[in-house]
Each structure stands twice: as structure tokens, then as C-alpha cells.
Amino acid sequence: MSRGTATERVVPTPLVATSRQRRLISGDRIFHAFAYAAAALIILIALVFVVAVVIPALPAITKFGLGFFISRTWDPVRSQFGALPAIYGTLVTSAIALVIAFPIGLGAALFLAEDARLRFLRGPLSFAIELLAGIPSVVIGLWAFFILTPLMRDNVDPFLQHTLGFLPIFHGTASGYGYLTAGLVLAIMVLPIMIALSRDVIRAVPRALREGSLALGATNAETIWSVILPYARVGITGAALLSLGRALGETIAVTMVIGNTMQISSSLFASGYTLPSVIANEFTEATGTIHLASLFYLGVVLVLITIAVNVVARLLVWRFAGSEPMVA
Amino acid sequence: MRGAPIVVVACGVLLLAACGGTPTGTNPSTGGAGAPPPPQASLTGAGATFPYPFYNAAFYAYNLKFSQVSVNYQSVGSGAGIQQLTKKTVDFGASDVPMNATELAAAGGSDTVVQIAGTLGTEGLAYNLDGVATGKLKLTPDTIAGIFLGTIKNWNDPALAADNSGLTLPNQAISVVHRSDGSGTTYIFTDYLSKVNATWNSTVGKGKSVSWKTGQGAKGNEAVATTIKQTPGAIGYVELAYIIQTNMTQASLKNHDGSFVTPSPEGATAAASNFPDVTPTQFSIVDAPGKTSSPITGYSWLMLYKDQADKTKGTALVDLFDWLVTEGQSYAVNVHYSKLPSNIVRQDIASLKTVTSGGATLLNVATPS
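Protein sequence lines, in the order shown, are assigned to chains A and B. Heads up, the first sequence is in this note's numbering, so the first residue is 1 and it goes up one at a time. Heads up, the second sequence is in this note's numbering, so the first residue is 1 and it goes up one at a time.
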């Protein structure tokens with residue numbers, strides 16, 4: 001400005017804030033308060049939830065103690081309860097889901113993020129993923145119940161038995177209901193999460209790394225294998241564990257195809273049970289105190305498994321992360 | 001559910017055609033002459049899913065008849081129904097098994113709650129066997145127990161062949177299907193097996209959920225029915241209404257008198273009439289004597305407080321139940337439930353007459369003879 005002089009320019013900004021600055025500061029305070037309140041609320045909700053599950057479970061916790069985790073008996077008539085078959089079923093079905101969804105999800109994510117040639121397919125694929133994510137689980141369950149189980153019984157299971165029948169996991173008669181079908185349904189349900197998260201993580205890999213690798217003469221495949229995946233593996237691990245979390249808690253679709261049998265079987269064709277399915281099945285008509293408390297105890301077990309998965313995830317992330325840059 | 005809205009509309013139409021009714025008492029709801037109509041009230045109930053299609057149809061019909069009374073019934077399950085009644089968040093509860101001593105104590109003592117039989121249901125054994133039509137397969141109490149205990153594993157088992165001469169049963173594995181959710185249907189079925197088979201009684205017992213020895217579970221009557229239809233060689237116990245409505249093939253069962261019967265609503269009523277002394281503590285009517293009795297049969301119960309705090313509501317409630325156990329029973333047949341036998345209707349009405357508000361009896365009808 002013309003009226004400004006050299007001396008005026010060195011005058012320090014006045015210590016008293018202008019009204020505009022004051023407004024900003026109070027806006028800051030409000031924002032801080034809001035953010036802290038929101039964070040506290042989340043912790044509070046989590047705590048209230050845990051307490052609300054643990055307190056009704058107390059009669060069963062005092063009666064069965066840690067034996068609940070290793071007992072195979074679930075007998076409402078004699079009030080004897082144990083969670084092992086349901087824990088086993090939950091872990092097995094979630095593991096199947098992850099084994100199927102991880103490679104497929106990662107492949108689809110790499111295609112979406114990396115492949116430049118079939119660009120026109122990206123739109124339809126992204127749309128399909130969003131559609132899949134939006135289908136309510138009860139609808140997927142109904143589809144699985146009416147279409148997938150007969151298909152598994154008449155085609156997939158006999159094929160597996162014929163080709164891989166020497167493995168104990170493919171022994172026994174296949175009814176179409178069981179761990180394998182449930183795991184497959186879960187895989188379909190967690191695929192959208194797996195794909196979307198992995199895609200974002202892969203896209204976040206710095207362009208310089210990619211181009212550097214290509215400039216050094218690496219092929220596309222080599223670049224993906226030795227540069228992009230190692231860089232993104234923390235994020236991909238995170239995606240896989242979030243998918244696992246979803247699979248552990250899924251209820252209704254699994255209940256429709258798992259066969260709901262309290263047993264532990266090495267065959268993936270056999271009927272089983274999962275923790276959420278037992279709760280969903282028996283909660284409404286459970287009248288005895290211990291029966292109801294045991295169902296809440298199953299809820300506690302599920303919460304513990306979820307926490308364990310999260311802890312493992314943290315450890316993996318720390319281990320992988322090390323000095324490497326972290327994505328996600 | 002099972003197309004309840006259609007059933008409801010159908011019943012509504014039927015009601016309009018047939019609501020003349022013959023006067024039998026002084027309760028206006030049941031057509032009594034000169035008595036005042038039921039007071040305006042909005043009633044809420046919660047409980048069992050098993051009788052829901054019948055209650056839904058009947059309450060709808062009642063509302064068409066007396067528009068001032070609306071009934072909202074939530075089929076949240078017997079356990080939840082009992083809890084809500086105990087907490088007094090509903091006006092009445094419904095349960096497939098009457099409230100036991102512990103539950104009654106929680107609700108204020110055994111003398112504070114009136115429990116009446118609301119409807120009667122029966123079950124059959126539906127199966128999926130090529131070329132074996134309804135009623136052709138004959139099952140006895142011991143073969144049913146053997147199949148569900150897992151000791152009879154194949155359709156060509158000699159034990160099955162012994163009862164089915166003239167029928168060639170295939171060399172095919174038996175797939176047992178049972179309910180995975182806690183249910184009154186399971187209670188009645190396991191109550192039956194516990195009564196007719198000592199091994200079942202000592203190893204499994206009776207309950208709304210039990211520890212099954214074999215087979216796979218499906219959630220709800222619909223899923224059990226569909227699983228049986230989809231699985232060759234499958235067998236399972238299904239509420240009769242579902243068997244009839246979905247055209248399933250069902251077995252002929254050997255009853256207490258040794259005759260083979262195909263379960264039917266009439267067979268259920270016949271079975272129930274052979275137990276004149278049913279009470280909320282002695283309520284089992286499985287394996288009933290009588291030539292035509294359907295063996296796997298049971299009541300579903302309604303619960304209300306004996307002392308009604310709100311006189312208007314209480315009056316509307318007992319009027320409704322009085323109608324439900326008499327005239328309302330005609331709606332049971334439409335949805336393939338069975339009519340209550342007359343001795344139970346008498347007993348229900350006698351129980352309803354003990355309901356009071358401020359010391360005054362709310363239902364003033366003559367007990368039918």
C-alpha cells in the first residue's frame with residue numbers, strides 16, 4: 001500500500017487479537033470440544049456395550065468358568081453349556097472366507113488400481129462391488145439357502161471329493177449345509193470390503209516407486225510383486241483383518257446354511273455352528289437363567305475373539321511397518 | 001411368516017359372511033343378547049410365534065366386529081413374551097409352554113397370573129422320499145425315536161421295513177432335520193419322544209432347545225420344510241399347518257391305541273379331548289389315547305394378570321379371550337390349527353371368570369355346559 005512506510009512494516013503484530021482472530025480461536029475451541037466429546041462417546045459406547053454383555057453373562061461365567069471354552073456340551077435340557085463347537089465353527093468358517101476372499105479380493109484390487117489396458121471394465125466392476133456390498137445379508141442368506149446349498153451338494157462337493165478326496169477336510173457325505181458353504185457365503189460377503197480397502201491402499205503407493213521400478217527394467221508383474229505389494233502389505237493386512245472381523249460376526253446368512261449342529265468335525269462338508277448363530281437361534285425362546293446367561297457368555301467369547309483379532313492385527317502392522325513407510 | 005395378510009383378509013371376508021353367530025352367553029363379544037358391547041380399548045400382547053398366524057387372523061376378525069377394540073400382538077417368542085408380561089409392558093403374554101413356578105414367582109406368585117389354553121396345534125413327520133406318498137410311510141414311536149437318536153440311519157433299516165410291508169424303502173441315508181431355534185414345536189415333539197421312548201427320555205429329554213444326537217438344524221418351520229423338500233432322504237417334524245399349506249408328504253403315525261393315523265386338525269382335537277384335566281402345570285397331551293388321536297399335539301397358552309389395574313382394559317381383555325376360545329376358534333380351522341375341545345373351553349372360561357378389577361369380576365357369562 002502507498003501509505004505504508006519502512007518503519008511501519010517492522011511493527012510487530014499487536015498482542016491483542018483482532019475480532020476475526022478471536023472468532024477463529026473460539027471456533028477452534030468448539031471444534032476441540034466436539035472432537036473430544038465424540039471420541040469420549042465412542043469409548044463410552046464400547047464400554048457400555050461390553051458391560052451390557054458381561055453382566056447378564058455373569059451367572060454362566062461363575063457356573064462354568066473357563067471350562068466354557070473347552071466344553072463340547074450344549075444341552076439346554078440339563079443346563080450344561082460349552083462353547084467349543086461354536087468357537088471352532090466361527091473360526092473355521094471365517095478362515096475359509098479369508099482363504100477364498102483374500103486372493104480374489106487382492107487380484108480384483110490390483111486390476112482396479114494397476115491395470116491400464118482394460119480400463120472400460122473398471123466402471124462395471126466398481127459398480128458390481130458396490131452392489132454386492134449393498135445387498136442385505138438376509139438376501140444373500142436366502143440365495144445361499146435356495147440356490148447355493150443344492151449346487152454345493154450336487155456339484156461342488158462331489159467334485160472336491162473326487163479330486164481332493166484324499167484330504168480329511170473333504171471326507172464324509174455332503175448335504176450342502178456346513179462349514180464350506182457357510183465359508184463361501186462369508187467370502188462373498190467380505191469381498192467388497194477386501195477389494196475396496198486393498199484398492200485404496202495400492203493406489204496410495206507413490207508413483208515415483210512404481211516408475212522407478214519400471215525404469216530399472218522390471219516388468220509390470222515384477223513391479224507389483226516386489227515393489228507395490230511389499231509397500232502396501234500393512235494396509236492389505238489391515239483390509240484382510242477388517243474382512244475377518246466382518247466374517248466373525250455375520251449371523252443370519254450363516255445360520256441359514258451352516259446346518260446348526262453342535263459338533264466339531266474335521267470335514268468341511270459337515271454341519272456345524274457359529275457363535276452368532278447359536279445366539280440368534282436360541283435367544284428368543286431361552287427362558288432359563290443359565291441358558292440365557294450362557295448365550296450372553298457366547299457374546300462375551302465373540303467379543304474376546306474380536307479383540308484378539310485386533311491385537312494380532314496391531315502386532316502384524318507393527319512388525320511389518322518397522323522402518324518402512326506406512327500406508328493406511 | 002406364512003402369507004398371513006392373505007389369510008387375514010380371507011378370514012375377514014368369512015367373518016362378514018358368518019358373524020351372525022348363535023347367542024350362547026351374556027358376553028356381547030360372543031353374541032350375548034342385551035349385554036353392552038366391549039369397552040373401547042387398545043390391547044397389547046407379546047409372545048409365542050407358533051400360534052401367531054391364528055391369533056393374527058382372530059384378532060383382526062375381532063377388530064372388524066368390534067372396531068373399538070384393537071389388539072396388537074407381537075410374535076417375539078415365548079421367553080420374551082413372559083418377560084414383557086412380568087415387566088407389565090404388555091397386557092397379555094403368550095407361550096407354548098405355560099409359565100413355570102420360577103417364572104410365576106418373578107411375576108408376583110402363582111396366584112397372580114391366569115393362564116388359559118388359547119389354541120391347539122399338532123405336528124407331523126414330513127419326508128422326502130421318491131414315490132412314497134402321504135400316509136404311505138408308517139412310523140411307530142420307536143422308529144421315530146430311533147431315527148432322531150441316530151440309531152436308524154438308512155431308509156432300508158429292518159426296523160422300518162417291519163412296519164412297512166408292501167412298501168420298498170430305498171437304500172438311502174436318512175437326513176434328519178430339526179429346528180435350530182428354540183420353539184414350542186420342538187418342545188411338543190421332544191415331550192412326545194420323552195413319553196414314548198425311555199432312551200430318548202434319559203439321553204435327550206424335552207425342551208424348546210435340546211442337545212440333538214443327529215441331523216442338522218434349520219431356523220423356523222419354513223426353513224425346516226424347505227430343507228426337507230430340497231434334501232432327498234430327509235425327514236423332520238413340522239407343524240401341521242406348514243405340511244398342509246406347502247403340500248409336503250407326511251408319515252402315518254402309530255398312536256397310543258395302536259392305530260396308524262395321518263395327523264390332522266380333527267385328530268388333534270380328538271387327542272386333546274382325551275385329557276380332561278389339563279392345567280397350566282399338567283399340560284402335556286402327547287401320545288393321547290383314542291383311535292383317531294394325533295399323537296404329537298400340544299396347547300399354546302395365554303397369560304394375563306388376575307387383578308387388572310385398569311378396569312376398562314381388563315374388561316376388554318377378558319371379553320376378547322372369551323370370544324377367542326369360543327367363537328374365535330372357527331378361525332383356527334382356516335389357518336390349519338385345531339379347535340379347542342369343549343372341556344378346555346369350559347375350563348378357560350372358568351379361569352377367565354376369576355379375573356377381577358377392584359374386587360369385581362370382569363367376565364359375566366354362564367360357563368357353557
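If you are wondering where the hints come from, they were derived from the structure by calculation, not from laboratory data. It is possible that part of the hints are untrue.
Below 35 Å or equal to it, Euclidean Cα-Cα: the simulated DSBU-like pairs (lysine-lysine) are [unchecked claim]:
| id | chain 1 | residue 1 | chain 2 | residue 2 |
| --- | --- | --- | --- | --- |
| 1 | B | 88 | A | 63 |
| 2 | B | 313 | B | 88 |
| 3 | B | 213 | A | 63 |
| 4 | A | 63 | B | 87 |
| 5 | B | 195 | A | 63 |
Examples of chain B residues lying across from chain A (beta carbon under 7 Å, computed) [claimed, not checked]:
| id | residue |
| --- | --- |
| 6 | 44 |
| 7 | 216 |
| 8 | 220 |
Ideal Cβ placement from N, Cα and C applies to all residues, glycine included.
Now the hints, each set against the structure:
1. Only pairs whose Cα atoms come within 35 Å are accepted, and residue 88 (chain B) paired with residue 63 (chain A) is accepted, the gap being roughly 30 Å.
2. The hinted pair formed by residue 313 (chain B) and residue 88 (chain B) meets the criterion: a straight-line CA distance of about 13 Å does not exceed 35 Å.
3. For a cut-off of 35 Å, the pair hint linking residue 213 (chain B) to residue 63 (chain A) stands: about 25 Å separates their Cα positions.
4. For the hint linking residue 63 (chain A) to residue 87 (chain B), the alpha-carbon distance of about 27 Å falls within 35 Å, and the restraint holds.
5. With a C-alpha separation of about 30 Å, the suggested pairing of residue 195 (chain B) with residue 63 (chain A) holds against the 35 Å cut-off.
6. The criterion of a C-beta within 7 Å of any C-beta in chain A is not met by residue 44 (chain B), whose closest approach is roughly 18 Å, and the hint is violated.
7. Interface restraint check: residue 216 (chain B) against chain A, minimum CB-CB distance 4 Å, threshold 7 Å, status holds.
8. The closest approach between the C-beta of residue 220 (chain B) and any C-beta of chain A is roughly 10 Å, which is over the 7 Å cut-off, so the hint fails.
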